[in-house]
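Residue numbers (my numbering), protein chains in the order written: chain A, 1 to 541; chain B, 542 to 749.
Derived by calculation from the structure, the hints in this document are not laboratory data.
All values derive from a computational prediction rather than experimental measurement.
Errors might be hidden in some of the hints.
Under 8 Å between C-beta atoms, here's a sample of chain B residues computed to sit facing chain A [said to hold, decoys possible]:
hint, residue
1, 581
2, 587
3, 589
4, 590
5, 630
6, 631
7, 633
8, 634
9, 641
10, 653
11, 682
12, 705
13, 716
14, 720
Quick reminder that beta carbons are idealized off the backbone N, C-alpha and C, glycines included.
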Amino acid sequence: MKLLSFILALGASLSLSAWASESFTPTLTDKLPPPKSTADHSKFKELQAVFKTGPEVTKACLACHNDAAKQVQHTKHWTWEVVDAKTGQKLGKKNIINNFCTSTVSNEKDCMACHAGYGWADKSFDFTKEESVDCLICHDSTGTYRKLPGDAGHPIYERKEFPAGSGKFVDPVDLQKVAQKVAMPSRANCGSCHFFGAGGDGTKHGDLDSALRNPSKHLDVHMDAKGLNFSCVNCHKTSQHQVAGSRYEFDASRTGKPQPQGKFDGNPASCQACHGDKPHKESLLHAERLNTHTDTLACQTCHIPEYARSNVGTEKVWDWSTATKMGPDGKPIFVKDSAGRRAFDSKKGNFAWDSYLMPEYRWFNGKLSYKVIGDKIDPSKAVEINHPEGSPNEPGARIWPFKVHRGKQAYDPELKNLLIVHTAGEDHTALWHNFDWPKAIETGMQTVGLPWSGKHDFVATEMSWPITHTVAPKGDALSCTQCHGANSRLKDIPGIYLPGLHKNEWLDLAGWGAALLALIGVLIHGIIRACVPCRKPRSKQ
Amino acid sequence: MITTPTRPGHIYLYKRYERFWHWSQAALIVFMLITGFEIHGAYDNFGFKRAVELHTLTAWTLLTLWAFTIFWQFTTGEWRQYIPTYKKVGAMVHYYSIGIFTHAPHPFQKTTSSKHNPLQRLAYLALLSLVSPIIWGSGLFYLFFAYWKDFGIDQWLTLEGVALTHTAGAFMMLIFFIAHVYLTTTGHTPFAHIKTMITGWEEEEGHH
Chain A
1 MKLLSFILAL GASLSLSAWA SESFTPTLTD KLPPPKSTAD HSKFKELQAV FKTGPEVTKA
61 CLACHNDAAK QVQHTKHWTW EVVDAKTGQK LGKKNIINNF CTSTVSNEKD CMACHAGYGW
121 ADKSFDFTKE ESVDCLICHD STGTYRKLPG DAGHPIYERK EFPAGSGKFV DPVDLQKVAQ
181 KVAMPSRANC GSCHFFGAGG DGTKHGDLDS ALRNPSKHLD VHMDAKGLNF SCVNCHKTSQ
241 HQVAGSRYEF DASRTGKPQP QGKFDGNPAS CQACHGDKPH KESLLHAERL NTHTDTLACQ
301 TCHIPEYARS NVGTEKVWDW STATKMGPDG KPIFVKDSAG RRAFDSKKGN FAWDSYLMPE
361 YRWFNGKLSY KVIGDKIDPS KAVEINHPEG SPNEPGARIW PFKVHRGKQA YDPELKNLLI
421 VHTAGEDHTA LWHNFDWPKA IETGMQTVGL PWSGKHDFVA TEMSWPITHT VAPKGDALSC
481 TQCHGANSRL KDIPGIYLPG LHKNEWLDLA GWGAALLALI GVLIHGIIRA CVPCRKPRSK
541 Q
Chain B
542 MITTPTRPGH IYLYKRYERF WHWSQAALIV FMLITGFEIH GAYDNFGFKR AVELHTLTAW
602 TLLTLWAFTI FWQFTTGEWR QYIPTYKKVG AMVHYYSIGI FTHAPHPFQK TTSSKHNPLQ
662 RLAYLALLSL VSPIIWGSGL FYLFFAYWKD FGIDQWLTLE GVALTHTAGA FMMLIFFIAH
722 VYLTTTGHTP FAHIKTMITG WEEEEGHH
């Protein structure tokens, strides 16, 4: 018996020690700082010149990098257009409607502050002109290169007041200095547009904001400035200026072993590219249970437990229906929330912001289907401006975390489509200038070449953004109970059986009922036995 | 030669290994019920993750115990205790439903070669041949869910089906447990049977 208990105890302690942790330690070479360039651009005589405009700098760049502009002109960063390979539908910023500023069409002068080019002010823009490519927006290492709304993508050439009427002034960019200090893109370069999508820090994505310039480990385990210190292009591997990892070519369910650095196939901007699809080291006690979750869940679902995890926050709601409402004195007003973020703007309507948000979860196969300009809508329910495709039984679909941004947008109640509104500009029809919806809509619809009934109303809209940045340290990943429990985050997800949450009510009723009956039965039996102790036993048989 | 201990008026019913097996199995099963129904979502005690780990660890421990016990059953011939008999089944039913209240004598006399009364034999056989396969079959499939795809099992089974089968087995075990614990009190004193199961000694009829 002693031997037996010893063996049992040994078995138990072995399994216990093996179950201590399921860890993954990255052994990546990316811990090293990015390699220094072999060329000191400040010594090049081509860059000693005085540059008056951006295109002049580009010409100097192209003198050596003679294919660079051609490469850029084949990218989304230049065309703002993507053609869906299956449907032929034209997508990209040029064609889709978003849930924020709604459309770039007729508003190019403002929007193109984030175009990797110079001079896209309207549809007459020449997409073949090489010197219109903006090299510096991605390659500036000084942090001084700035493009403002209203300049159609040109940097600041003259000292001016910005925002107009604010009393704040911005200085022109020293183009020579910037040109002499070009470098590989850093987080700040990509962030100069992607952190500020939809016109403000953190507004659009929820997992991309200025806190990622210098993030802590808590915010992003890979970009952690004091740790791995990844830049965007560590994952978004770039070749011939084509940046990997776009929402339009989303890899929602990569499988297989990790790929060695430099030998990526498919999409390198996915967790599995480096970690493989079975990254958890598990003891016998877990029997690969954690790893089998990857057949159902995206890595991000557990490893990004909350998004907007800094005080920057993100915008949750943009309601255009209150735009053009004026202050008590009839003048446009701007109201901030308690955290200093925009809450109301006469130009734009109402906003709601928050930080540390729980994502909404959806089945997603990587394909977002979009409402593009002119598409019919059903105003009786919230219009999904984009819709994550995917269903439980699809091999390529996983449950993904999303930021869902909700709002209200102008639509045509007769022709049943969303309206293109001319918002930005100094002309008398621009909404932000003249606060007149019909005039702004008329110009917008004319620019895009679509009919308008002359009526407008507002419809509820929502837009889904897959959450994939700001991966938390493993200690902050979701715990089992956050899904396997009564308050499961995945309560509303169809097609899965979650132990701890799902049960069969009939089985539970029958099981507990039978157990209760058994208990009552034995109690009654026992009580009767206890109540007749005095009765003499009958004569023995 | 090993001599069997003797004690006047008593029979040595349960040997040392038998008692060790019974009580450790009892503890393990109770613990599996506690952790299992937590995993099922009935209450919150250890937390889901820890409950799953403890449930799995206990299952492996119980399987190890069973490996030894099956060996013991066959080398000692004790497995014959589970061969069903219909003799005196009616008398046993009559005793539990009527005789027990009138202090009628127990219709069955325990001996070392026949330790279980006919109803007990049937109950234990049902436990062994019905409840156990349900629980262990579904439990092992549940535990090794991650390997279903490798063997094409996912074509035939759903997690929900396996989980619900396992739950049904657990309810059966719970009901067995309730009845079993109650029936331990039906000896000549409420704790007589439990005492026997601890010491191994059963008082012979007429010596109390």
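### Query
Does the nearest C-beta of chain A fall within a distance shorter than 8 Å of the C-beta of residue 716 (chain B)?
holds, 5 Å
### Message
Using the nearest Cβ pair, does residue 590 (chain B) come within less than 8 Å of chain A?
### Response
With Cβ-Cβ at 4 Å, under 8 Å, it holds.
### Task
Answer holds if the nearest beta-carbon of chain A is closer than 8 Å to that of residue 634 (chain B); otherwise answer violated.
This interface hint is violated because 13 Å lies over the 8 Å limit.
### Query
At a threshold of 8 Å, is the proposed contact between residue 631 (chain B) and chain A supported by beta-carbon distances?
Residue 631 (chain B) check fails; min Cβ-Cβ to chain A is 14 Å, beyond 8 Å.
### Message
Quick check on the hint: residue 630 (chain B) CB to chain A CB, less than 8 Å?
### Response
violated, 17 Å
### Message
Interface hint check: residue 589 (chain B), Cβ to nearest Cβ on chain A, cutoff 8 Å. Holds or violated?
### Response
holds, 4 Å
### Task
So, residue 720 (chain B) near chain A? Judge it on the closest CB pair being under 8 Å.
Status holds, d = 6 Å.
### Query
Holds or violated: residue 641 (chain B) as interface residue toward chain A, Cβ cutoff 8 Å?
Holds, because the Cβ-Cβ distance from residue 641 (chain B) to chain A comes to roughly 6 Å (cut-off 8 Å).
#### Entry: Satisfaction of the residue 633 (chain B) interface hint, Cβ to chain A closer than 8 Å
With a minimum Cβ separation of about 14 Å from chain A (threshold 8 Å), the hint on residue 633 (chain B) is violated.
### Task
Closer than 8 Å between Cβ atoms is the bar; does residue 682 (chain B) clear it against chain A? Give me holds or violated.
violated, 11 Å
### Task
Closer than 8 Å between Cβ atoms is the bar; does residue 653 (chain B) clear it against chain A? Give me holds or violated.
violated, 20 Å
### Task
Would you settle whether the hint for residue 581 (chain B) is holds or violated, based on the nearest Cβ-Cβ distance to chain A being less than 8 Å?
Where the cut-off is 8 Å and the nearest Cβ of chain A is about 7 Å from residue 581 (chain B), the hint holds.
In terms of the numbered hints stated before, the structure departs from hints 2, 5, 6, 7, 8, 10, 11, listed from lowest to highest.
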